[in-house]
Amino acid sequence: MSSKQMYQEVILDHCKKPRNWGQLSNATHKAEGINPLCGDHIWVSMNVVDEKISDIQYEGESCAICMASGSMMTAKVKGKACSEAIDLTEQFRVLTTEEESKVEPSGLGSLAVFSGIRDLPSRVKCALLPWHTLIAAINSQSEISTEGDKDPVPGSGTKKG
Amino acid sequence: MGKIDREVVTVDLDAESIKKDFPILSNSENNKSLVYLDSGASAQMPQLVIDRINHYHQHEHANIHRGVYDLSEQATISYESVRSTVARFLNVADTSEVIFTKGTTHAINLVAHAFGRTFVRAGDEIVISHMEHHSNIVPWQQLCEEVGATLKIIPISDIGELDMEAYGRLLSERTKIVAVTHVSNVLGTINPIKEMVALAHSKDIPVLVDGAQGAPHMKVDIQDLDCDFYIFSGHKVCGPTGIGILYGKRNWLERMNPYEGGGDMILSVTFEKTTYAEIPAKFEAGTPPIASAIGLGEAIKYLEAIGLERIEKHEKVLTRYATEALTEINGLTVYGTAPNKAGVISFGVKGVHPHDMGTLLSDDGVAVRAGHHCAQPVMQRFKVPATTRASFYLYNTLEDIDRLVSSVRNAKKIFS
Numbered sequence: 434m435s436s437k438q439m440y441q442e443v444i445l446d447h448c449k450k451p452r453n454w455g456q457l458s459n460a461t462h463k464a465e466g467i468n469p470l471c472g473d474h475i476w477v478s479m480n481v482v483d484e485k486i487s488d489i490q491y492e493g494e495s496c497a498i499c500m501a502s503g504s505m506m507t508a509k510v511k512g513k514a515c516s517e518a519i520d521l522t523e524q525f526r527v528l529t530t531e532e533e534s535k536v537e538p539s540g541l542g543s544l545a546v547f548s549g550i551r552d553l554p555s556r557v558k559c560a561l562l563p564w565h566t567l568i569a570a571i572n573s574q575s576e577i578s579t580e581g582d583k584d585p586v587p588g589s590g591t592k593k594g
Numbered sequence: 005m006g007k008i009d010r011e012v013v014t015v016d017l018d019a020e021s022i023k024k025d026f027p028i029l030s031n032s033e034n035n036k037s038l039v040y041l042d043s044g045a046s047a048q049m050p051q052l053v054i055d056r057i058n059h060y061h062q063h064e065h066a067n068i069h070r071g072v073y074d075l076s077e078q079a080t081i082s083y084e085s086v087r088s089t090v091a092r093f094l095n096v097a098d099t100s101e102v103i104f105t106k107g108t109t110h111a112i113n114l115v116a117h118a119f120g121r122t123f124v125r126a127g128d129e130i131v132i133s134h135m136e137h138h139s140n141i142v143p144w145q146q147l148c149e150e151v152g153a154t155l156k157i158i159p160i161s162d163i164g165e166l167d168m169e170a171y172g173r174l175l176s177e178r179t180k181i182v183a184v185t186h187v188s189n190v191l192g193t194i195n196p197i198k199e200m201v202a203l204a205h206s207k208d209i210p211v212l213v214d215g216a217q218g219a220p221h222m223k224v225d226i227q228d229l230d231c232d233f234y235i236f237s238g239h240k241v242c243g244p245t246g247i248g249i250l251y252g253k254r255n256w257l258e259r260m261n262p263y264e265g266g267g268d269m270i271l272s273v274t275f276e277k278t279t280y281a282e283i284p285a286k287f288e289a290g291t292p293p294i295a296s297a298i299g300l301g302e303a304i305k306y307l308e309a310i311g312l313e314r315i316e317k318h319e320k321v322l323t324r325y326a327t328e329a330l331t332e333i334n335g336l337t338v339y340g341t342a343p344n345k346a347g348v349i350s351f352g353v354k355g356v357h358p359h360d361m362g363t364l365l366s367d368d369g370v371a372v373r374a375g376h377h378c379a380q381p382v383m384q385r386f387k388v389p390a391t392t393r394a395s396f397y398l399y400n401t402l403e404d405i406d407r408l409v410s411s412v413r414n415a416k417k418i419f420s
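Going down the list, the protein sequences come from chains Z and H. Quick note on numbering: the first sequence equals residues 434 to 594 in this note's numbering. Quick note on numbering: the second sequence equals residues 5 to 420 in this note's numbering.
So that you can see chain H by itself, here it is in the shape it has in the complex:
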């Protein structure tokens, strides 16, 4: 692996200029020196997304699917057009298979309830992996406790890859669903989803993919992956919080009971009986976060205009550059060194607790995540209480990484 040529990065994707699209990263008043390396937790919003949300509030707001007046009709059209944008973004053919949720956690809970309570019985098994975020563990654990099913865990190797042989062995006639992350939020590993789906489907087992760290960072083609559910959050794709997406195959969604009941998800209600609406409305009870959905649509268009392939390539360059520079520091360990890896670097420095590292980096204006990253089983696997995590996105530059590395070196010096 040769040294990174800085020119290649600037030619392919001008992150310095992209940064100017993001007010929080280019605001000269107080954030001039902010090096934001926590996009894995939440990405920043470009000005045009903020403007779109403001414009909606100032000129377009009304409840959707209700009023017959112009404003409501227009709000409905704007909101529903985002469904088509998302379908295009994920290469989904049937727009009704795109469901708006509050976020990834909400969407996984939706499936765990609606799929789980319909199809999972005592003695059944659910397969997840050792590298899941708590939001792809706890809902399944709750389901298992409730119905008497068992959770099976795909082990991970020392470099942070799934043990595919073990995965094959775990799939049985008792397995009702596989729920696995597209990209590990701690280790950065990109899992071989297509292969995993094909294997599960050969045994008629559906697969849910937690795409919270996938969809923002690479082109996702649902028809190619062929997974049964794919989930991501708006605020990790440069959109606002409070909105997320659940893609689900019609065949499953139609057979699942609703998760939440209320307005907008019904055909008719009497005190004797309620008839549910068709998908996607069946899973969208109540007034949704309309402005957030519209903001998400704008964010997706922004990412598409830059190009997901270019973003992915840019992050790979940043990751390689950062990994090389960080591992030159004595006593620094990177957790997760799979060859196929996204822009996430978790590390520890001997003698410096990750929380102390995070606080000291913050002093230098470098924002990273420190802790267990809502993935305590991963911490247990690598026998650490916590790690420091830098995660990259399209607006990060090589200079950002230089600042990270120099700040890590300084923190280490304080403890030496």
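Only chain Z is shown next, with the shape it has when bound in the complex:
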């Protein structure tokens, strides 16, 4: 699939009408995600009741890949147990960063559209940022960055300089 097709599939829907957009006022868990290299800056806020994500919202300024990934993520994990969300995050990481042969049929559903990101290593961080922010929120870290120790894919980032 060309990038153009990927954009047409994810953008037409999720970028123009992002799901669960905003910040919960009484969130039990929240985190901020920053990709300093491209300026993506997002927030994930959740209400967790009995280890279950009863509500989740997402908001920020970012490129289309990050925005669509965040929108689809909220739709995917809403109502799921935190442990399931962590598992889905790992599946998404494998989908976007590992060789195709290592990707097993998973519960990601429509998020499979992001498999094309594998061929665009400079954009992987954009797709992963919402998920890493989700994990940070679950662990109640207040801020997550895609750089340094927290780099999900060392060496694959946007061109430095």
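Hints listed in this document are in silico derivations from the structure and should not be mistaken for laboratory results. It cannot be assumed that every hint is accurate.
[Stated by the list, open to error] Taking lysine-lysine and the DSSO-like style, the derived pairs with C-alpha atoms no more than 30 Å apart in a straight line are:
#1 305(H) / 253(H)
#2 305(H) / 223(H)
#3 387(H) / 450(Z)
#4 416(H) / 449(Z)
#5 416(H) / 450(Z)
#6 354(H) / 449(Z)
#7 417(H) / 437(Z)
#8 198(H) / 253(H)
#9 437(Z) / 23(H)
#10 511(Z) / 437(Z)
#11 387(H) / 449(Z)
Chain Z is fixed; fit chain H onto it per the hints.
This is chain H only, laid out in the frame that chain Z set:
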């Protein structure tokens, strides 16, 4: 400003034919459709430079300045002849003032260390501008932190020009050096270096010029500019990576301590004391990238044969043509609109993140840079997280720009 006459371009510089000198741009297998608009990051190499490097590896390689056998003598002669080529290229009278470095970043670090640690003290000031590349900010910041000096910033206007009045006010008896870019890698602005040097010299302040985006694109005359240091990279002048040039005035270089110690930069070594070599060897510790230096020499000769003035003129035509065509697109903003501008166009399209733009253009075979261009203060100045940047060189054609413009329009359509 009238419409560009395509005929004028083809008569003055035949970019279509120049393109054929560059295998990566004319290779019919996979790069047939490559529109390369990222020469500001790294220029492509013509076949004759690649051949020269290969020939060196196949027939001429030996370490320089060491062996007394023929091969080493010959390698030394080839390597040292590049120093003369560079001196001619920059109109430097004294060849010893030309120092080989690993690149622009390395050269600026060299000066920040060797000049900075010799001449800059607590309470002193270093003047740079708001449009510098990170490599002309960070080494000075590190120096300031280490010695307790202060960094002063020349502001830039909304069109991307240096505020020359503010520059004049920033120069004081505390200023130890001015470090400024010849051409902004984001905005394309060509700075009035000669004027800036004259002003600084009237207060006995030396000036370092980051020429990474200057030397590749226009004739640089060091004796006319009269700057104290001028720096550029090999891979931006159609040469290989890993080689760069530092020009420095003898008067400064001789008084500066070496940056790196090791072989080749000494006269004599005992465990008690080392006596350093004269310039340029003093600043060239260790075995240099010999093949890269020789490739750089070949690249410079190639550019000289075409003529830097013609290249500059060609890029100006491309820039004007591209600016006109791009600004016709609704919602497109060009960052950096100084009248005296090189072949660099940074832009943003409302509703399309620059990284998405870069990825979509790549789908059409159009290679541009997207991001902060290692110049985050410029992004902050114009209040954008990133921009998309097209940069031009001698091998770019009006057709390349047509492809860029149509690809930008298509990307915009996807988001509309």
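Hint check results:
Of the supplied pair hints, the one linking residue 305(H) and residue 253(H) holds, its CA atoms being roughly 24 Å apart against a limit of 30 Å. Note on residue 305(H) and residue 223(H): the hinted pairing holds, with a Cα-Cα distance of about 13 Å set against a maximum of 30 Å. As the CA atoms of residue 387(H) and residue 450(Z) are separated by approximately 25 Å, the hinted pair is consistent with the 30 Å bound. A distance of roughly 14 Å separates the Cα atoms of residue 416(H) and residue 449(Z); the hinted pair therefore holds under the 30 Å criterion.
Between residue 416(H) and residue 450(Z), the direct Cα distance comes to roughly 17 Å. Compliance with the 30 Å bound is thereby established for this hinted pair. Of the supplied pair hints, the one linking residue 354(H) and residue 449(Z) holds, its CA atoms being roughly 14 Å apart against a limit of 30 Å. A C-alpha spacing of about 11 Å is found between residue 417(H) and residue 437(Z), which places the hinted pair at or below 30 Å, so the restraint holds. Pair hint residue 198(H) plus residue 253(H) holds up; C-alpha atoms about 16 Å apart against a cutoff of 30 Å.
Restraint check for residue 437(Z) and residue 23(H): the C-alpha separation of about 28 Å stays at or below 30 Å, so the hint holds. About 29 Å separates the Cα atoms of residue 511(Z) and residue 437(Z), which keeps this hinted pair within 30 Å; it holds. The hinted pair formed by residue 387(H) and residue 449(Z) meets the criterion: a straight-line CA distance of about 23 Å does not exceed 30 Å.
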